[in-house]
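Going line by line, the protein sequences match chains W and V. In terms of numbering that gives the first Met the number 0, the first sequence opens at residue 0 and continues consecutively. In terms of numbering that gives the first Met the number 0, the second sequence opens at residue 0 and continues consecutively.
Because the hints were derived from the structure by calculation, they are not lab data. Glycine is no exception: its CB is placed at the ideal position from the N, C-alpha and C atoms.
Cβ pair distances, simulated, as ranges:
#1 V:I220 x W:Q108: 21 to 31 Å
#2 W:E29 x V:R30: 48 to 58 Å
#3 W:K35 x V:T71: 25 to 35 Å
#4 W:Q108 x V:G43: 28 to 38 Å
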Amino acid sequence: MKIRLPVFLLLALACTPGLALSAVAAEPMEIHITIKQHRFEPEKIEVPAGQRLKLIVTNADATPEEFESKVLRIERVILGGQSATFNVRPLNKGQTYKFFGEFHEDTAQGELTAK
Amino acid sequence: MIQIGIVVFRETLEVAVVAALLLAATRGIPRRGPWFLIGLAGGGAGAGIVALFAEAITEALAGRGQDLFNATVLSLTVVMVAWTIAWMRTHGAMLAKEAKSTGDRIREGQAPLYLLAITVGVAVMRDGSELVVFLSALGLSGQVTAAGIMGGFATGVIAGTIVGALIYFGILRAGIKSIFQIAAILLAMLGAGLAAQAAGFLISAGWLPPLIDPIWNTSAILPDESGIGQTAHALFGYISQPSAIQVIVYVAVLAAICWLGFRSPAVSAAKRPHPAE
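Extracted from the complex, chain W is given alone in its bound form (with noise of 0.2 Å):
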């Protein structure tokens, strides 16, 4: 039984790229999103389900934010007059995702739902 757990992680792992692969198959979505005025333009956003996606947020404004999503685990400042590119997985239809800038959450408030 020592051995076999390992052997199986490790078989387990070593099948993983052929999954991941073709997982990627399709090249990911494109979404942008830009942050003015310390709000997010798109603030609902709908993308298509199942589908990867790479989220290219632009901080329009002088000052940092941090752009943070519990759900998709995403946290990261961006600098003023910077933009940053996520990842985001494969996403389930009718589900809603929010995210938020954390330096300025009164008023940077935006979400996803996938269609």
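Model the placement of chain V on the given structure of chain W, informed by the hints.
The following block gives chain V in isolation, referenced to the frame of chain W:
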């Protein structure tokens, strides 16, 4: 000012949990107060330096610099926590009995004091650097007065300290015999949670495959954004929608730390070249 306070509080929370657990774990070791303060001050200075290079870190490695920086710092913290627990297993219980002379206690307590200072320092550096970026930009923008920033900062830090104090005194209330066990168990879960968080940053940087993502979804029962969700995240590393690799990392690190900290104590006592057993 309240808004600033909330941001500061959130960044302080993680430091507060780490500090409270480590302070409980090193209870009874002389001179841990100064070491703790050295850690805080060193971490604060480190946060300022990291913030200065924020732009360089962000642009490093094709935009992955921040994720990798966070993953590295979190992993370092996990190693420190594991080390502390390993130390507690052999020495902590004896310190708890307070049967040692002060000289012995200082000698035996040296290692965890370095660990305490470094771990607290690293935690302050990571969360503090984000705060420095946030607060300095607020100051430069001129939208908020210096007094407003100071007030918000103080409010957040005080709130974070209160949470840390509640955890610390909560553990102490358990009584001298259980303090080390409770602190060790909480530290083990904290370490596993930080490791899972580090794995999350590595996935985000594309350096680790998420495998099944997410492996489950409990956001309907306990949302991450809720107060309980955030507390559970800070304490046990709760994530409502983890990927399979994060769960694997969590379990593996928890198992490794528990093995370090809780494997049969009799063996270690026999190994220790201490005459007065």
